[in-house]
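Residue numbers (the numbering used here), protein chains in the order written: chain A, 24 to 306; chain B, 49 to 340.
It is possible that some hints are incorrect.
To be verified - The calculated label-pair distances, taken between Cβ atoms and stated as ranges, are:
#: 1; chain 1: B; residue 1: Gly84; chain 2: A; residue 2: Val158; range: 52 to 62 Å
#: 2; chain 1: A; residue 1: Val166; chain 2: B; residue 2: Ala99; range: 48 to 58 Å
#: 3; chain 1: B; residue 1: Asp187; chain 2: A; residue 2: Arg201; range: 28 to 38 Å
FYI, nobody ran anything at the bench for these hints, they're computed from the structure. Ideal placement from N, C-alpha and C gives every residue a C-beta, glycine not left out.
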Amino acid sequence: MPTLDAILDPLAFPFFVRALAASALVGLVCAVVGSYMVLRGLAFMGDALSHSAFPGVVAAYLLKAPFYLGAALAAVATALAIGWVTRRGQLRGDTAIGVLFAGMFAAGVFLFSLIPNYVGDLFGFLFGEILGIGVGDLIALTVLSVVVLGTVAVLWKEFLYSTFDPLGAEAAGLPVVRLDYLFLALIALTIVISLQAVGIILVVAMLVTPAATAQLVSQSFGRLVSIAIAIGVICPVIGLYASYWLNSATGATIVLVETAIFVVALVVSRRPSLARANQPPAA
Amino acid sequence: MTGLPAALDASDQLHQLDAGGHVRGPAIRLRDVTAGYDGRAALEDVSLEIARGSLLAVFGPNGGGKTTLLKLIAGVLRPWTGTVETLGVRAGEAARRIAYVPQAELVDWSFPITVWNVAMMGRFARLGPFRQPSRTDRDAVTAALERVGMIDESRTQIGRLSGGQRRRAFLARAIAAEPELYLLDEPVTGVDVPTEEDLMALLTIEAEAGRTVIATTHDLAAMSRHFEQVVAVNRRIVASGHVDLVRDPDILARTYGGHLLVLGERAVLLDDAHHHDSASGSERHFHDQGKT
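Chain A extracted, bound-state conformation (with noise of 0.2 Å):
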């Protein structure tokens, strides 16, 4: 049983107080755009986009640039491709969302292999590394968090009439195409600013994970977001305090306590009617 002293006694090495503001930071970011994409049917694309990260990081580091830098250009670029290659018609999504992220990831996997000498520091990159946060990383992060939620601020509107209804938003003047590959953007930006936290291959579940959640339980959308950040928020604390005392990877004990409480939610929440609703009404 965890007593106060197990609770206070982390908290006296700073490195494991960046990583509990840097994880809910992340947690927060993460829950407010994993709310809209959930609703746009985008889980896919953040697993995509997440992997297409990766040759931009393994770039940066041969390059000797910031990885924040080399994973936002790579991560944004394949969001519009993708944006860009479905609105041509000719593929479905999720087709040109899986031979994209694949390209790319297989890029930064063919450029690793370049490296000559055993680089340990990428795999924190696929698996998180949130312990091993620095001062300047903590600063890089919070400046993006305040641009992805600022945008979000500002056209929270916008992007919640044209998910509901692309075709009433767009006969209503909304920039709809351009809402779109914003928000894309932003679904990049996220992933980078994950990154540290939980790796490569485990963003999508901080993205998807409290926002499905929060699906199950939630009649509006204020609630739909104001759960999710619950969620997003105390599950990495959770989840840091859990790795600590068990001695265990870090992003991987916070992804499973998210999906803790997305299987007690499912199994609590006795309402299938919200999946029913798309049938036609009862009179």
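With the hints as your guide, set chain B onto chain A.
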């Protein structure tokens, strides 16, 4: 040369003002419009004028181009050839003065959103980014929900509504937008009779107030009860004019290409040389696509 005066001529027509300073001229004007999707034309050579304050129904078979016509007027679909003018400007430029209600099947009813917030979306476009809904917007939403009889369901998630209530909620969104032009895709399809009567009474009031109401419909009986003007569409404009057109068997035959139709109390068997199977015949009318 000759091109320039002609262009000035057209814009003169668009900007004539009446005594009250309002733009006169038709609400909608399509000239020689052909449009479609993925290289396939859904409407061809359409020319049409719709007067302001009209209460007009667009009818015709599935795949006949009804929704395409609405999208062209809304400016969300660009014509391949020809021009579309809406409320005196190029289609799409008057978007803030338009309310568009999509078909019920296109809506994700499992979306976690309440009736109140659906109606509030009618205010979003005019608010623009940065500005949050104010007292004025909340008052407009309240008034709209009261007019459609949905104020008691404000906090209900839309998937829990009946079919009639769902249409009422979306009409509330349109009313809250305070538009000059309503574009409604199948607004009374599959709703109960009281809802149909209520919604059509509301739309009639809007038209009498000088706003233009254009609705697509499948239901010829409902159409002949509620609308003054109709446009029959089957890839082309088959006919347009007074609602009595619906009683002309020849026009119906050309619109639907020959099917059993129930009109008012009468069943009218039109000459059907094509012999569709009865299950799909009432829903699908694609046999005109191969003809010229």
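Hint by hint, where does the structure go against what was stated? Just the numbers, ascending. none
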